[in-house]
Amino acid sequence: MTRAPASPHLDVRNVMWLLAAMVIVVAPHLVRLPYWVAVFFLVVVSWRGWIAWAAMHHPSRWITALLTIAAAAATWFQYGRIFGREAGVTLLIVMSSLKLLEMRTQREVTLSIHLGFFLVLTNFLFSQTIPLGLYMLVCVWIFVATLVGFNRVGSTPTLAQRLRPAAALLAQSLPLMVAFFILFPRATGPLWALPQDMRAGSTGLSETMAPGNISNLIKSDALAFRVQFEGDRPAYSKLYWRGPVMTEFDGVTWSVGRSGAGSAAYSRRDQRKTYTVTLEPHNKTWLFALDVPAVLPSGAYMLNDLEVRDSRPVTERKRYEMSSYLDYRYGDRATPGNLQAALRFDPSRNPRAVALARQWKAESADTRALLAKAFQFYNRDFTYTLDPPPLDRFNPYDDFLFETKKGFCEHYAGSFALIMRAAGIPSRVVTGYQGGEVNPINNELTVRQADAHAWVEIWLADEGWLRVDPTGAVSPLRVESGVNAALGPIGVMSSLIAADPLGVLGRVRNAWQAMNSQWDQWVVGYDTSKQRQFFTSLGFPSVDWRTLGFWLLAATFVVGGAITLGLLVRDRPPRREAAVVAWNRFCGKLARAGLVRAPSEGPIDFLSRVERARPALAENAGDITRRYVEARYGSGATKQELRELARRVREFRPA
Amino acid sequence: MIANLRQSISDWIFRAKAPESPPVTLVQRRIFILPTKQGYAFAFTMLILLLSSINYALSLGFILSFTLVSMAGVAMLHTWRNLAHLKLRPGRCDPVFAGEIAHFGVTVETPALTRFSIAVRRGRDEAVYADVAPHEITAIALPEAATRRGIARCGRLEIFTRYPVGLFHAWSYVDFDLKVVVYPRPDPAAGSPPERSRRTSEEGIPVAGDEEFHMLRAYRPGDAPKLIAWKALAREQELLTKEFSATASSELWLDWEEAYAPGIEARLSVLAQWVIQAERFGQSYGLRLPGVEIAPGRGEPHRARCLEALALFDPLAS
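Protein chains in written order, with the working numbering: chain A, 1 to 655; chain B, 1 to 318.
Please note that a few of the clues may not be correct.
[Unchecked claim] Simulated crosslink set (DSSO-like; lysine-lysine; CA at most 27 Å straight-line): (1) A:K406 / A:K373; (2) A:K406 / A:K361; (3) B:K87 / A:K99; (4) B:K37 / A:K589; (5) A:K238 / A:K318; (6) A:K284 / A:K318.
[What the hints assert, rightly or not] In silico negatives: residues of chain B with every beta carbon more than 12 Å from chain A: (7) D131; (8) K231; (9) E258.
[As the list claims (entries may be wrong)] Have a look at the derived ranges for each label pair, beta carbon to beta carbon: (10) A:I604 / B:R148: 38 to 44 Å; (11) A:A598 / B:E126: 49 to 55 Å; (12) B:K37 / A:F540: 49 to 55 Å; (13) B:K179 / A:W545: 55 to 61 Å.
Note that these hints are calculated values from the structure, not bench results. Positions of the beta carbon are idealized from the N, C-alpha and C atoms, including for glycine.
When you get a sec, could you build the whole thing from the sequences and use the hints?
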C-alpha cells in the first residue's frame, strides 16, 4: 500500500512506454517525410526519455518556445504552407514531440496519448492496407497499455499486467466496433475542403509522355486497377486499357491535346464485353477501358479520341462497370481538323528520323509498304529494355533510332508516331496499360503500374484509326504475355516467384491479392452504396438512418449486457466447500436458538460457549465442530465424511 | 453560488445515511459512475477522429474511432466491475496520543479477481491506493494528524477506482463510524508521580528489599546494573535506579488534584505522562479524576483504560 502524491509525479517506466508508443506510431511517417523531421522527432523524444531516466529538469519555457517556432518555420520552408497532408502531418509530429518534452502532469500525459490516437489516424491518410491496419492495431494496443500503466496508482504493473488488460479491453470492444462500422451512416462527400495534396504521391500515368516516364512508372509494383470480367476473359493481346491519348508533340514530349467532347463514331462487329473495374486513386480524371468503350458509367464522358473521363478527379478508389466492343472500326469519318493535329511536328527536331521517314515514303508504293518498311526497321536490331541509356536532349528520337537502339515502349511509340507524321500519316500516341495478371483464386485481373504501356494509332483512309504497337515488333512477348515475360521478373517479389519451382510463393501471392481485393472492396471501400448493398443482401432493401440508429442502440445494449454478464460470472467466488456450507447451516440453526457466533469467534471458541450455555447440545455440537475443523483445517475429508457432516447438521436440533 | 448549489445537490443525492454495520458489500446500486475530466477529453478527441474519418472517407479511421469508443464503453464496465462486490469491514483504529498521526483502518476483500488501484479517501483528502488480491484481507489505513485529545471521527469514506484507463470514476460511500481515541499529549516535563501520591498500606513503611518495585531514585555509585532504569535512560532522562520494596501493598494513585499545571489540558497531559511512567515501571496505579475513579491495576488494558479516561474527560460533566 502506498500513498499517491497529490499531483502524481510521472513514473519513469510509464513515460518510457508513452515515448515508445509515440515512436512506433510515428515510424511510418518518418520514412516518407523529409529526413529532418525524423531527426527532430527522435532527438526530442530521446531528450524527454533522458529527462525521465536521469530525473533531469525539463527545458525552460524559452527553449520550448524557440523550438516550437523553429519547427513551424522549418515546416513552412519545406512545404511553403502549414496545412495540407504532408505539411500538416509534419507539423503534428514535431508539435507532439515538443508536447512530450514539456509533459509533466497526468493531464499532459492524457493530451499526449490523445495526440497519439490522432497520429494513428494520420497514417491512414497515406495508406489503408491490411499490414498498416494491423500495425496500427498494435500501436493502439500499446497506447491503451500505456493508459493502463498510468492508471495503476500505488503499484508498478508488470509487462503482462499492462498488455493483458489492454488486450482484453480491445478484444471486448471488437463486436461493438464491427456493429458500428456496418451500421454507422456514411456521408457521401467531405464535410470540409480536402487539402490539395491529399492524394499526392499516388503513381499513375500523366498528361505527357517523354522517353523515361513510363520506364520509371513500370518499376513500381503498385496496383493500378482490378478487373472482373463477366463471362470469358478476352485474349491477352486484346487487353489494351486505353488511357490518355497524346496528339500534341514538340519534338521531345508528347502531350494530351485539346480534344473536344463529342461523337466518336465507330461501328462494331461483335458482342460487347462487360466488366467491372476497381480503379486505384490516381488524382486524374481518366478512367480506363478496353477499346472501344460502349456503355459508360454514370458521371463519365468520352472525348472524340475515345478517352473516357470522369467528371471529377479520381481521389478515392472507384469502382465502375464498363462495357466495350473489342472488334470495331472507328474514325473512318474523321474530321480534317482532327487529322491536322495528328500530322503536326517540328521538322527541325530529330532531323535524321524525319529524313528517314521521307525517304521511306518516297521509296514506298503505298502506305502498307511503308508500314512494312518501318516494322522491318524496328525488327532488325532494337533491344527492349527497362534501363535505356540517356538520350540527347534536343533530338532524343534521332539518338534512340540511330545510336543507342535500346528502349522501352515510350521510345518505340514516340519514335514510331513521329516517323508516321513525317511520312504524312496521321498518328498519335496512346498511353494506358496492356495485359494484367490473372488471379486464379477469384479470377480477377490485376493490372499494376508495371503494366503501363504506350502504343500508336495511325489513321488510314480506308480503315479509320488503327492500333499499331511497335513494341510488339521488337518484343512480341510483351504484348502476348506481359512485361515480366518480356523483361524477366521486375522487382524482388516477382523474382522470388519466378525462382520458386513449386509455385508456392505464387499461390501465396494470389491468395494475398484475393484477400486484399476483398479488403479493399468491403473494408476500405465500404461506403453508402456498399452499405445499401449489404442491407439489400440481408433482405432490407430500404434502410434509413432511424433504422440504423435503432440497430446501433440494440447492438450496444446486447453487447454491453453480454460483457457485463461475462465480467460478473468471472468474478463469482469459487464454490464454497461443502464443509463450509454445512458449518454455516449449523451456525444458522444455533443463531435461531439464540446462540449467535461472533464474526471473530473461531469454531472451537464457539463450541465452548455453546457447551457452557447449552450443556445438552454439547455432544452433538462437539461432534459437528470436530468434523468441520478436521475437514476444513485438518487433513481434509473424503466425500463420504462430508456427507456425514451434512447429515449430522441436518439432524441437529438445538431447540 | 453555482459551486454551493452543486454542493447542496450532491449532498442531497449522496446524503449521509446512518452508520452501517459491517460487512458492507458494494452491490451495484451502491456504486455511482461518471466520466472523469480525462473521459470528457477522450470523448472530444473521439469526435475529432470521427469527423476527420468522415471528411477524408477513411474506413480505417472509422474502425479506429469505433474501436476506441467501444473501448471506452467496455472500460466503463471494467471500472464499475473493479469496484463491484468488494466487501468492506472496519479495520484497526488504534488509539494515539495527541500530536501523532491517527489511522482509520478499513479492510477490503474481493470475491475472486484481483482489483487494482482501489482508492479510499475521506472527503477531499488525499486518497490511499491499494491492490486487492483474492483470498487476502487488504488493510487500508487513512491517516489524520491527531491534534486534540478526545475522539477523532473518520466520517463517511469514499471508495473509488479509475482503473483500467482512467476515463471513468466509479465510487461508493460507506460509513462505519470509525473512531480513534486520542489520548492527551503526555507532558515530558511532568517526570515521575510525586511522592505524596504514594500511599502505603496499613502494614507500614516500605522496607528496602527486592520483592516488588517501589520507586525510582537518583543513581548512586555502587548500585547494581540490573537495577538501573534503562528505559528511562533511553528517554534521555537522568540515570535512575529502581528501588524495590518488600511489601506488595504499595499503591500509586494518580490524582487530578496533585497534577499541578495551568489549565485542564495541561493537567491531563501531566496525568498522561504519569500513567505512562507508572506502567513502564510495572507499578500498580489508580487514577482519580473529578467524577472518575479507576481502581489501581497494572497491564496494557488498565493503561488503556486510564488513558482513555483522560482522553474523554469532560470538565463540564464533572
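Do the hints match the structure? See the list:
1. Taking the CA atoms of A:K406 and A:K373, the gap is near 19 Å; set against the 27 Å cutoff, the hint holds.
2. Proposed proximity of A:K406 and A:K361 is supported: the alpha carbons are some 25 Å apart, at most 27 Å.
3. Restraint check: the Cα-Cα separation between B:K87 and A:K99 comes to about 42 Å, which exceeds 27 Å; the hinted pair is violated.
4. Under the criterion of a C-alpha separation no larger than 27 Å, the hint pairing B:K37 with A:K589 is inconsistent with the structure, at around 52 Å.
5. Between A:K238 and A:K318 the CA atoms are separated by roughly 23 Å; this keeps the pair inside 27 Å, and the hint holds.
6. Between the alpha carbons of A:K284 and A:K318 the distance comes to roughly 12 Å, so the proposed pair stays at or under 27 Å and holds.
7. For B:D131, the non-interface assignment is contradicted: its Cβ lies about 5 Å from the closest Cβ of chain A, within the 12 Å cut-off.
8. Residue-level check passed: B:K231 sits 32 Å from the nearest beta carbon of chain A, beyond 12 Å.
9. Listed as a non-interface residue, B:E258 keeps its Cβ farther than 12 Å from every Cβ of chain A; the least gap is roughly 41 Å.
10. As the Cβ distance of A:I604 to B:R148 is approximately 43 Å, the hint placing it in 38 to 44 Å holds.
11. The hinted window of 49 to 55 Å between A:A598 and B:E126 is violated, with their beta carbons roughly 34 Å apart.
12. At roughly 41 Å, the beta carbons of B:K37 and A:F540 sit outside the given window of 49 to 55 Å.
13. In this structure the supplied range 55 to 61 Å holds for B:K179 paired with A:W545, their Cβ-Cβ distance being about 60 Å.
In this structure, the hints that do not hold are numbers 3, 4, 7, 11, 12, in rising order.
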